[in-house]
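In order, the protein sequences belong to chains A and B. Under our numbering, the first residue of the first sequence carries the number 30, and numbering increases by one thereafter. Under our numbering, the first residue of the second sequence carries the number 30, and numbering increases by one thereafter.
Don't take every hint at face value.
In the DSSO-like style, the derived pairs of lysine-lysine whose C-alpha atoms are separated by at most 27 angstroms in a straight line are [as the list claims (entries may be wrong)]: (1) K91(A) to K57(B); (2) K57(A) to K91(B); (3) K188(B) to K86(B); (4) K202(A) to K202(B); (5) K100(A) to K57(B).
Ranges between beta-carbon positions, derived for each pair [to be verified]: (6) Q167(A) to A64(B): 26 to 36 angstroms; (7) D158(B) to I94(A): 51 to 61 angstroms; (8) E180(B) to A211(A): 38 to 48 angstroms; (9) G54(A) to Q37(B): 20 to 30 angstroms; (10) Q37(A) to E58(B): 21 to 31 angstroms.
FYI, nobody ran anything at the bench for these hints, they're computed from the structure. The beta-carbon is built from N, C-alpha and C at its ideal position, and this holds for glycine as well.
Number of protein chains: 2
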Amino acid sequence: MLHRPLIQHCKSCGNKVVYRLPDDGDTKERAVCTACSTIHYENPLNVVGTVPIWGDKVLLCKRNIEPRLGKWTLPAGFMELGETVAQGAARETTEEAGAQFEMDELFTLINVTRVGQVHFFYRAKLTSDQFDPGHETQEARLFAEHEIPWEEIAFRTVKETLLHYFADAKTGKFQFHHLDIA
Amino acid sequence: MLHRPLIQHCKSCGNKVVYRLPDDGDTKERAVCTACSTIHYENPLNVVGTVPIWGDKVLLCKRNIEPRLGKWTLPAGFMELGETVAQGAARETTEEAGAQFEMDELFTLINVTRVGQVHFFYRAKLTSDQFDPGHETQEARLFAEHEIPWEEIAFRTVKETLLHYFADAKTGKFQFHHLDIA
Chain A
30 MLHRPLIQHC KSCGNKVVYR LPDDGDTKER AVCTACSTIH YENPLNVVGT VPIWGDKVLL
90 CKRNIEPRLG KWTLPAGFME LGETVAQGAA RETTEEAGAQ FEMDELFTLI NVTRVGQVHF
150 FYRAKLTSDQ FDPGHETQEA RLFAEHEIPW EEIAFRTVKE TLLHYFADAK TGKFQFHHLD
210 IA
Chain B
30 MLHRPLIQHC KSCGNKVVYR LPDDGDTKER AVCTACSTIH YENPLNVVGT VPIWGDKVLL
90 CKRNIEPRLG KWTLPAGFME LGETVAQGAA RETTEEAGAQ FEMDELFTLI NVTRVGQVHF
150 FYRAKLTSDQ FDPGHETQEA RLFAEHEIPW EEIAFRTVKE TLLHYFADAK TGKFQFHHLD
210 IA
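All chains should be built: construct the whole structure from the sequences, respecting the hints.
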């Protein structure tokens, strides 16, 4: 169900682990070291990004890396230690698009339980329509709603976020959307 | 700065890792296996919980485990693989308080960058004032605002969430609060 490699060895001492119920009353099987008894927990990861806006257009990036090489995405990536959710979203927008922008509010929080991820997208106001994408991006381009390559969007959380963005834009009132994707 | 043990060994093959820049263009040092070259990423963890409400009172749990044994907290814990943020918050409320409740909206999202965590609290409507706390909890009890043991609250994110809850309750309008704790 979850596409992550199982833990084979203890990250503390390097010996083999087994998946079993720990001795501390925990009700879930964990990777427990057969030598030093360290318990290794695996938890969901946060993916953080933005909806960068220029007038009635949104900035998309054409991916230059797998997965989904050549497909279009909002700038986003894994949240890192040492940063807030919003700081991570801003960092990814700089790295992937080389955009200049001001961060706005949290717009979507989307659970992707099947892969153990939570995706967060903030609205961001572009302050320039010039971009300088990094090595992960083939091209960064602005799209009005009718220009969005809906069949070429890299990830479902990006598609859901764009759909909610253009729907809210019509009302002039942006709300926070909390969604689950099976 | 971050209170996590460094990775010493590869969780795939068990050999030693070194912290260095990977060869894939990454700009952060990662634990890279000296034998099989697997890159081990470390990312923030989500802590998920609720503000369980009964009339003008909030449910707090007296901790029966370290850290902060004997201090009072809202029911919360680490989000697990296979669940949404809200499902994790509900699970912790069941495990720690044995409460019966209906989940309401996301109330606070608090970055705790220093320890690499993001805390999420949902409002929850208690449907009973009888509780059956698990082994992690000495006592589960309802508190009106003037009864809250402010000096005995286990975690700052819990205190901030309670402060915002009682402030919003006075206005009758609950908003989503997005905070950073240094």
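Evaluated hints:
1. The suggested pairing of K91(A) with K57(B) holds, with an alpha-carbon distance near 23 angstroms, which does not exceed 27 angstroms.
2. Using a Cα cut-off of 27 angstroms, the hinted pair K57(A) and K91(B) holds, with the two alpha carbons roughly 23 angstroms apart.
3. With a C-alpha separation of about 15 angstroms, the suggested pairing of K188(B) with K86(B) holds against the 27 angstroms cut-off.
4. Annotation: proposed proximity of K202(A) to K202(B) holds, straight-line Cα distance about 18 angstroms (limit 27 angstroms).
5. Between the alpha carbons of K100(A) and K57(B) the distance comes to roughly 26 angstroms, so the proposed pair stays at or under 27 angstroms and holds.
6. Between Q167(A) and A64(B) the C-beta distance comes to about 34 angstroms, which sits within the given range of 26 to 36 angstroms.
7. Remark: the range hint 51 to 61 angstroms for D158(B) to I94(A) is upheld by a beta-carbon distance near 54 angstroms.
8. About 45 angstroms separates the C-beta atoms of E180(B) and A211(A), a value consistent with the hinted range of 38 to 48 angstroms.
9. Separation of G54(A) from Q37(B) is about 27 angstroms and conforms to the stated range, judged on CB atoms against 20 to 30 angstroms.
10. The supplied range of 21 to 31 angstroms is met by Q37(A) and E58(B), whose beta-carbon atoms lie about 23 angstroms from each other.
The structure meets every hint from the earlier list without exception.
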